[in-house]
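A.B. asks: Listed below, chain by chain, are the residues.
Protein chains: 4
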Amino acid sequence: MTLSPEQQAEIDELRGAAQPTLRAVAPGMEKHLYSAIPVLDHGFVRVIDYMGDDAAICQAARVSYGKGTKSVQNDEGLIRYLMRHWHSTPFEMCEIKLHVKLPVFVARQWIRHRTANVNEYSARYSILDREFYIPAPEALAAQSVVNNQGRGAALEGEEAERVLRYLRDDAMRAYDHYEEMISQDGQQGLARELARMNLPANIYTQWYWKVDLHNLLHFLRLRADTHAQYEIRVYADAICNVVADWVPFAYKAFEDYRMGGATLSATALDCIRRMLKGEEVTQENSGMSKGEWREFVGVLG
Amino acid sequence: MTLSPEQQAEIDELRGAAQPTLRAVAPGMEKHLYSAIPVLDHGFVRVIDYMGDDAAICQAARVSYGKGTKSVQNDEGLIRYLMRHWHSTPFEMCEIKLHVKLPVFVARQWIRHRTANVNEYSARYSILDREFYIPAPEALAAQSVVNNQGRGAALEGEEAERVLRYLRDDAMRAYDHYEEMISQDGQQGLARELARMNLPANIYTQWYWKVDLHNLLHFLRLRADTHAQYEIRVYADAICNVVADWVPFAYKAFEDYRMGGATLSATALDCIRRMLKGEEVTQENSGMSKGEWREFVGVLG
Amino acid sequence: MTLSPEQQAEIDELRGAAQPTLRAVAPGMEKHLYSAIPVLDHGFVRVIDYMGDDAAICQAARVSYGKGTKSVQNDEGLIRYLMRHWHSTPFEMCEIKLHVKLPVFVARQWIRHRTANVNEYSARYSILDREFYIPAPEALAAQSVVNNQGRGAALEGEEAERVLRYLRDDAMRAYDHYEEMISQDGQQGLARELARMNLPANIYTQWYWKVDLHNLLHFLRLRADTHAQYEIRVYADAICNVVADWVPFAYKAFEDYRMGGATLSATALDCIRRMLKGEEVTQENSGMSKGEWREFVGVLG
Amino acid sequence: MTLSPEQQAEIDELRGAAQPTLRAVAPGMEKHLYSAIPVLDHGFVRVIDYMGDDAAICQAARVSYGKGTKSVQNDEGLIRYLMRHWHSTPFEMCEIKLHVKLPVFVARQWIRHRTANVNEYSARYSILDREFYIPAPEALAAQSVVNNQGRGAALEGEEAERVLRYLRDDAMRAYDHYEEMISQDGQQGLARELARMNLPANIYTQWYWKVDLHNLLHFLRLRADTHAQYEIRVYADAICNVVADWVPFAYKAFEDYRMGGATLSATALDCIRRMLKGEEVTQENSGMSKGEWREFVGVLG
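Chains as they are written, first to last, in numbering that gives the first Met the number 0: chain A, 0 to 300; chain B, 0 to 300; chain C, 0 to 300; chain D, 0 to 300.
The shape of chain A in the complex, shown without the other chains (with noise of 0.2 Å):
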């Protein structure tokens, strides 16, 4: 991971300067803040603000729900039922900003997530770094050959340096290119809006991103699953580790409802049920198609 030495002077600056506040303070974030944590070959995930943490989400639950929330002993049993009953609006009510740097590959799926704040780095106004993703050699993966989106072993000999070897020309040739259409050295250069459409999809980019903690952990469970490309996994797994120490309580009850749960159809949960009362219950009539079945037997694993 690179950062520049202005980003990590900033960084510094920012770190030496505790200044006092009233508002709600989370001291396992405290220590994220500014940080870059290393993600991929030259990315990272950096903490620059945040807003409330666990006490906050049972505030605003207590302002909707009043004297019914009385009955629920704690913070944490609150959380959990929050959760488990899909109350989203008291999540909503933390709030996270991470600048991150990343693949342009990685971005372009990430943005899908609509309701969130972006700001990125602009290639129509600014000229972008030499940086590129090269895989490293254990994900380096071949194409799945049971699953269109997916991902088989790692590739091996010969064909891993060839591909090593694309990528990592291609990319400088494109880049060579770039500065030679761009440069104003005894021509008139290109636009800079027109020349970056050059460069492929795994030169790194940068943004600010906002977004609430509902929105957050949806992104989380999509994105840090294990069907998510492992390019978008890896930021994932980093947020994770930041929001398990922002709003500790959320988190757990997030690992046991959302990341580790499972939802099941109404067909399923008859045939649960026929198992329970001792049935011997298969595919054929399970009344589930085949890719059902054993997408269920995993469940049940």
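Treat the hints with care, as some may be off.
[As the list claims (entries may be wrong)] SDA-like cross-link-like pairs, simulated, lysine to any residue; straight-line CA separation at most 25 Å:
1) K276/C with G300/C
2) K289/D with L299/B
3) K251/D with L221/D
4) K251/D with L268/B
5) K289/C with H84/A
6) K251/C with E291/C
7) K289/C with A140/A
8) K30/A with L268/B
9) K30/B with P19/A
10) K289/C with N214/C
11) K251/C with A35/C
[Stated by the list, open to error] Okay, the calculated bits of chain B under chain A, using three or more residues with CB under 8 Å as the criterion:
12) 25 to 35
13) 48 to 59
14) 94 to 105
15) 158 to 165
16) 201 to 214
Please keep in mind that the hints were generated in silico from the structure rather than gathered at the bench.
Built from N, CA and C at the ideal position, the CB exists for glycine as well.
Place chains B, C and D on chain A using the hints.
C.D. replies: Chains B, C and D alone, transformed into the frame defined by chain A:
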């Protein structure tokens, strides 16, 4: 305005306890934290939390526009530039959380602004308090005779007295019956979620409302406007004062470009050009309808 | 249910005039167009327009997943796959526009679903009609004694009569005073935007509500649920019938995976695995709280 | 522009098959359905579906404002009034669904408009086609020397040739290597989700994009503007023509109030008032910065 003793105790406790943070702190905002700003007869606005300041707007813009923003000398200039050219995303990087107590008919207008997070007191779970908005004599306005949604002068004499008597008596009677219906003394007691339907729209509710600065300014532009209903305008005015202390550069730019500005049509701009050339422009030769012309003359004041 | 004579005339005119279109047409939906489906004592749901059908969901999915979706044999299988794996964007490609007449306290719940477009009748501009929701005897439920937001059995005898008398008399009196306050016979007349505050929450309002199918199904999952308040559930039920005619495959998948399904936590899944192995699992050794366990037993019912 | 044979066959089939519907039909729009409007060298815009027309905007507005809108004589006058006073919700009652083929760097700008529904072709699942945007000679613009994000005159002679050669050769080589990397002839074959990272930003992608009229007009205001990048502006221009045929009154009002209009600050309005009184106003005594003054003079131009 009435804070409950519990709410006052909570404020006192929270205001006493400054903690160190590495996050951006807006000094003008710390003084507002938790303190209730009275609005109408029983309402209030309280700042519960905030994220960011004027510098945070610039920091996000500089991520986007990179070296492109270096030419703007200072933060205030950059913020004015962003506001003038409708760059909304940097303003989305600031966030505020308010606790608001307000009459239901005001809440119904307010909630139409969808890009915000809300936790409202639930009358399904809990019992509403006996607090109703009764307009002050000077706010007891007649229906405008020129405008379907406007107000005329204040009612006077017997008519004013009768209106106030109706509002007060009907509210008290409705609340008496609400209490009787839900009472479980010697009867089953009607479900709260049903009993609340007897309560008029001037009863007070309360909510936590969290919104980013861009969407807040959009709300304020519409609701602090002279055409907004007085009862929501006073909330918008109170929030304007808070925003001016929070992000003074952004607020000043907002006043110049939004609150005090005007959008002119192609036709109106053409009329101005003709007038500046010395031509006599009238409604008849302007290309505008009577209504448009009246508004145009109002803008040129 | 009461349609005004103007509304009925409009329906008659519109239903008479089929025109040719090249767009996707959902035969099951054409029969619903404009016809008002009665809900509660004076409310209704009317389909004003729709976009797309089951085939449009698949068409959009096939753009995304290209040849990847060819392996799924048919539209119904593909829709079930999309629903099971929470692919929301193809369902967003269908849209519906409804005209709904509903009590204000129902509208206040409904509007919390933010991802929709709404045009509500404005009581600032116009005068509300004298129409109030008065519960049918069987819907006049007592407060639940076990659940803060629930309902118990219907009230009976003198208590029921007294409640109905209060609701009717208070509504009539409030409306009489509303009319007197805004009247301009021999007086100035209170502004409509103020007078409306005297009206109780069981008065009817109406709006146009436009929403995509994904967000509509989310709404229906929450509001057609047995825990939803009866007065909004009857609207959700009416809309469920419309959706079943509009996109039958999507609706059937929704019933199986959402309405009839359940999300189980990691802990709950673990308990099921233990039970299937023959272990005796009780609340004490389940790792669940009493509340969770009660819900878990309910699901396995 | 290249439609695949399958796409052309689909168009031909769909255009042949008019069916009766009771919904609102916009005659000007039916002719656009499915036909691909060519944009850039390989891109297109196709109307897949639409909901509503000018009359639907008025119908929704009349629900809101009731008798208050009767005073506006006709639909066109009402639409102009709504547009002038920023009433956005009636315009949200119309919806359009487009199929768009566009270069990835254009897609990256486009997707920043969040209030829309999108299904994009997935290069995780499927293999992208060998189609790249190569600018026409007159679009091969130099970087502006006065504006960080602007364009100057077209490149000429050897410089132009060199740029085109780089763009073409790098795209072809990148695609050759993409194909070789995913090939499973005698090797494992790199996962598609990884191989795509080698492709430059001028490769074409495609998506279904569905948006309401209010948000579409906002998109068009920004992207059909002279400051927008040429490569997205040509898409916006193509859509403008479609909208003009779909909702002619709304489009005309949009042209007058948005595209041809301008928002002036309080300071600028004050300057106009002074000028109309005969005062000599210069940048120095205007209260504006040099940049603002330049823009102000441009508006009065």
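A.B. asks: Are the hints correct? Go through all of them and say.
C.D. replies: Hint check results:
1. The hinted pair formed by K276/C and G300/C meets the criterion: a straight-line CA distance of about 19 Å does not exceed 25 Å.
2. Using a Cα cut-off of 25 Å, the hinted pair K289/D and L299/B holds, with the two alpha carbons roughly 23 Å apart.
3. Note on K251/D and L221/D: the hinted pairing holds, with a Cα-Cα distance of about 17 Å set against a maximum of 25 Å.
4. The hinted pair formed by K251/D and L268/B meets the criterion: a straight-line CA distance of about 16 Å does not exceed 25 Å.
5. For the suggested pair K289/C and H84/A, the alpha carbons sit about 15 Å apart, so the restraint of at most 25 Å is met.
6. A threshold of 25 Å between alpha carbons decides the hint, and for K251/C with E291/C the separation of about 29 Å lies outside it, so the pair is violated.
7. Of the pairs offered as hints, the one joining K289/C and A140/A is violated, with about 46 Å between alpha carbons and a cut-off of 25 Å exceeded.
8. A hinted pair counts as satisfied when its Cα atoms are at most 25 Å apart, and K30/A with L268/B does not qualify at roughly 55 Å.
9. For the proposed pair K30/B and P19/A, the alpha carbon gap of about 12 Å is at most 25 Å, so the pair holds.
10. In summary, the hint linking K289/C to N214/C is not supported, as the alpha carbons are separated by about 33 Å, beyond the 25 Å threshold.
11. With a CA separation close to 24 Å, the supplied pair K251/C and A35/C stays within the 25 Å bound.
12. Residues of the stretch 25 to 35 of chain B lying with their CB closer than 8 Å to a CB of chain A number 3, which satisfies the three-residue condition for coverage.
13. Counting residues of the stretch 48 to 59 of chain B whose CB lies closer than 8 Å to any CB of chain A gives 7, which reaches the minimum of 3, so the coverage claim holds.
14. With a threshold of 8 Å between beta carbons, the proposed coverage of the stretch 94 to 105 of chain B by chain A holds, since 3 of its residues qualify and at least three are required.
15. Residues of the stretch 158 to 165 of chain B with a Cβ under 8 Å from some Cβ of chain A number 0, which does not satisfy the need for three, so the listed coverage is violated.
16. As drawn, the stretch 201 to 214 of chain B meets chain A at 5 residues by the rule of a beta-carbon pair under 8 Å; at three or more, the given contact holds.
Going down the numbered hints, you'll see the structure goes against 6, 7, 8, 10, 15, while the others check out.
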